[in-house]
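Taken in sequence, the protein lines are chains A and B.
If you're matching positions, the first sequence starts at 36 in our numbering and goes up one per residue.
If you're matching positions, the second sequence starts at 15 in our numbering and goes up one per residue.
Quick caveat, the hints were computed from the structure, so don't treat them as lab data.
From a predicted model like this one, the values you see are computed outputs, not experimental measurements.
Possibly wrong hints are sitting among the right ones.
Cut-off 25 Å, straight-line C-alpha distance, at most; resulting in silico cross-link-like pairs (SDA-like, lysine to any residue) [claimed, not checked]:
1. A:Lys176 to B:Pro184
2. B:Lys119 to A:Leu178
3. A:Lys181 to A:Arg236
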Amino acid sequence: MTESHPHGMTVGAASPARTPSGRLLVTLGLAGALAGGLIVSVYQATLPRIEAHRAALVEAAVREVLKNPTRWDTLYLEPNGLTRKLPAGADPARAERVFWGYDGRDRPVGAAIVAGQPGFADVVTLMFGLDPASGTVLGMKVLGSKETPGLGDRIERDTAFTSQFPGALTPLLGVKTRVGRDPSQVAVITGATISSRTVIRIINQATARWRPLLQRYGERGSP
Amino acid sequence: MTSTAPAPPAPASLEDLTRGLWRENPVLVQMLGLCPTLAVTNAVANGIAMGLATTFVLLGSSLMVASLRRFIPNEVRITSYVLIIATFVTIADFVLEALVPGIHKQLGAFIALIVVNCIILGRAEAFASRVTVRRAALDAIGMGAGFTAILLLMSATREVLGSGALLGHPLFGPGFEPWVIMVLPPGGFLTLGILLLLLAWRAKRRSLGGRSR
Chain A
36 MTESHPHGMT VGAASPARTP SGRLLVTLGL AGALAGGLIV SVYQATLPRI EAHRAALVEA
96 AVREVLKNPT RWDTLYLEPN GLTRKLPAGA DPARAERVFW GYDGRDRPVG AAIVAGQPGF
156 ADVVTLMFGL DPASGTVLGM KVLGSKETPG LGDRIERDTA FTSQFPGALT PLLGVKTRVG
216 RDPSQVAVIT GATISSRTVI RIINQATARW RPLLQRYGER GSP
Chain B
15 MTSTAPAPPA PASLEDLTRG LWRENPVLVQ MLGLCPTLAV TNAVANGIAM GLATTFVLLG
75 SSLMVASLRR FIPNEVRITS YVLIIATFVT IADFVLEALV PGIHKQLGAF IALIVVNCII
135 LGRAEAFASR VTVRRAALDA IGMGAGFTAI LLLMSATREV LGSGALLGHP LFGPGFEPWV
195 IMVLPPGGFL TLGILLLLLA WRAKRRSLGG RSR
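Isolated chain B (complex conformation) (with noise of 0.2 Å):
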C-alpha cells in the first residue's frame, strides 16, 4: 500500500459495531447530534422514531459512500455526501408520513433537519468513505443504535416525569403533579447535563480508584 491509499487493511471486525454504542457514542463522546437529542426527546415515540430514521439514514448513507468510493472525485466528495444524505433523509420523511403521521407531525422540522446531523456527515466523511462496504455498515449501525439508545434514555426520563407517563400511557394516579418543566426544552439541557455530568464522575471515580490501587 502506498502512503496515498486511504483504506485501512484492517478486515471487519466485532469493534466497528460495538464502537458506537458506548466507547465512542456518539451523543456522550463525540457530542454529535444534539440537536435532536435535545429537541425531540419529550416523548418516548418520539425519540425513538427520530433514532430509527436517523439509523435508517446513517445506514442507507453510509452504504452508499462505501460503495461508490472509488467514482465520487476527492473534489465534490462533500456536495455528493449531502446530496447522498439528503435523498435518504427525503425518503425517511415521506415514509414516516405515511405510516405514522402523527409521529411525522410531532417531529416537525427536526426529520427535514437530520439532514444536517453532523453524525451522518461525520462517519461519511471519517469513516465509510476510507472502509468497505461491510464495516461501512456495521459502524452504522452501531452508531445508529448507540444514538438510538440514548435518545430512548433521554426520552424516557423526560417523559416520565414531565408528563407521568410512558409511550402515552399514564403510570402514577391523578396525584401525581407532572415535572412540566422535563418536557419543555430547558429539560432536555437538564437531563443531557445531568447524564454527562454522572458519565464525568464515573470517569473521574474509576481514574481515582486506579491510581489509589
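Just chain A, same shape as in the assembly (with noise of 0.2 Å):
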C-alpha cells in the first residue's frame, strides 16, 4: 500500500501537519455519536437476557431461604409500612423490598430479606429468610462476597456454618464453641472469624430494622 497520506499522519515531529479545529470537532462528534449509538443499541440487545438473570438469581434464592414457597408476593418499603404495590413515582429498580412468603395452604412462611454491610475484603450481601412472628432465622443465603479464598469464602461453603442459620433466633450470638442448646448461638468458623461475624452482624441489623415492620404488615392480615 503506498497512497499517499494527504492527512498527514507524521511520526515523526519534524513537520507536523495542522488540521483545521473544525475538522477535528466534527472527526471526534462523529466518532462519539457513532460509538454511542453502537452501545446503547448492544445495550438494549442484551438487556432483558441479562434481566432474566438477575430475576432468576433472586427467585433461586428466595427458595432456598424460605425453604420452597408456594408463591410469594414482594413487598416495598414506603413512609407508613410495607406495601404490596409500588409507591407512586419510586423507581422499581432502586425501592427497598423484602418477599413474603406463603405455603401451600396460602399461610405465610416468612419473609425473605436481602442485606449487605463491609466484611472482611468488600461488601457482603446475603438473602436471609426470618418468620417475624417468632424471630426464628429460616435459612441464609450469602449472595455476592470477595471474602479471602479458603478462608472467608467459607461462609458460603463450609456446611457446618451454613446449617446453622435455619432455626436460628435472633438476634444471633457469634460464639467460639456452642455451648448448651441455647439457639441464638452460632459458633464463628476459625480463621474466619471477621467474616462470619459479618454474616451474624448483617441478620441481626436487617431484623431489627424489618421485623417490626413485617410484623405489623402480617398483623394487618395478608389479603
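Both chains are given apart, each in its own frame, so use the hints to dock them into the complex.
This is the structure in C-alpha cells:
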C-alpha cells in the first residue's frame, strides 16, 4: 500500500501537519455519536437476558431461604410500612423490598430479606428468611462476597457454618463453640472470624430494622 | 514513498500472526497487560473469559484503527483510539453479562479495565495505525492468542495448586490440602515470577551453549 496520506499522519514531529479545528471537532463528534449509537443498541439487545438472569438469581435465593414457598409477594417499603404496590413515583430498580412467602395452604411462612455490610474484603450481600412472629431465621444464602478464597469464603461453602442458620433465634450471638442448646448461638469459623461475624451482624441489624415492619404487615392480615 | 509516509510497505505475512504468540508475547516479552494477568488468573474459566474478551477488543479496535487510519487526524488519534477501545469494551461487558453472568461477576471491574490494557492501546498506536487492515487483524489475533495462552497457563497452574481443581472439577481426593496462597494475590506474583525466571534461565543457557559450541 503506497497511497499518499493527505491528512499528514506523520510519525516524527519534524513537520507537524495542522488539521483545522473544525475537522477535529467533526471527527470526534462523529466518532462519539457512532460509538454512542453502537453501545446503546448493544445495551438494549442484551438487557432482557441480563434482567432475566438477575431475576432468576433472586428467585432461586428466595426458594432456598424460605424453604420452597408455593408463592410469594414482593413488598415495597414506604414511609408508613410495607405495601404490595410499588409506591407511586418510586424507581422499581431502587425501591427497597422484601419477599413475603406462602406455603401450600396459603399461610405466610416468613419473609426473605436482602441485606449487606462491609466484611473483610468488600461488601458481603446475603439473603435470609425470617419468621417475623418468632424471630427465627429460616435460611441464609450469601449472594455476593469477595472474602478471601479458602478462608472467608467458607461463609458460603462451609455447611457446618451455614447449617446453623435455619432455626436460629435472633438476635444471633457469635461464639467460638456452641454451649448447650441456646438457639441464638452461632459458632463462627476459625480463621474467618470477621467474615462469620459479618454474616451475624447483617442478619441482626436487618432483623432489627425489618421485623417490626413485617410484624405490622402480618397483623393487618394478608389478603 | 516519502519519508513521512508511516505505513511500512510490507505485505501481510505469517510473521504478523505468529509474532505475538512467542517472540513478542505481550505478557512475557513486552510485559504489557500484567494487571489482568495477575488479577484474574485464579481460575481457568476466568482466565479464558478475560483472554477472549481482550482478544475481541484487540481485534475490533485494531480493525477500526487500521481502516480509519486515514480519517483520524494525528492530533486527536489517542482520543479516537481510546473511544474505539472503550466502545468495544462496553460491548464485551454487556455481552459477557448476558451470556456468562457467573464469570462476568467473577471478573468484576477487570472487564471495564480492559479499556486501559496497554496491549490494546499499544498495538493501536504502534502497529494498527500504520498498516493495512489485514496486517492489523493478523497482529491482533496473534497478540490476543499469545495473551490468552499465558492467562491459560497461569490460571491452570494456580487453580490446580490453589483449589485442587481444573475448570471447577476436583482433581485430587479429599486428602489434598490446597495451597490457598496460589489463588490469593501473592500466588499471581509467584506464578508469573517463576514463569519469567524459567524463561530467563532458558535464554541464558541458550546463549551460553551457543558460545561454548
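Tested hints:
{"no.": "1", "hint": "A:Lys176 to B:Pro184", "verdict": "holds, 23 Å"}
{"no.": "2", "hint": "B:Lys119 to A:Leu178", "verdict": "holds, 11 Å"}
{"no.": "3", "hint": "A:Lys181 to A:Arg236", "verdict": "holds, 17 Å"}
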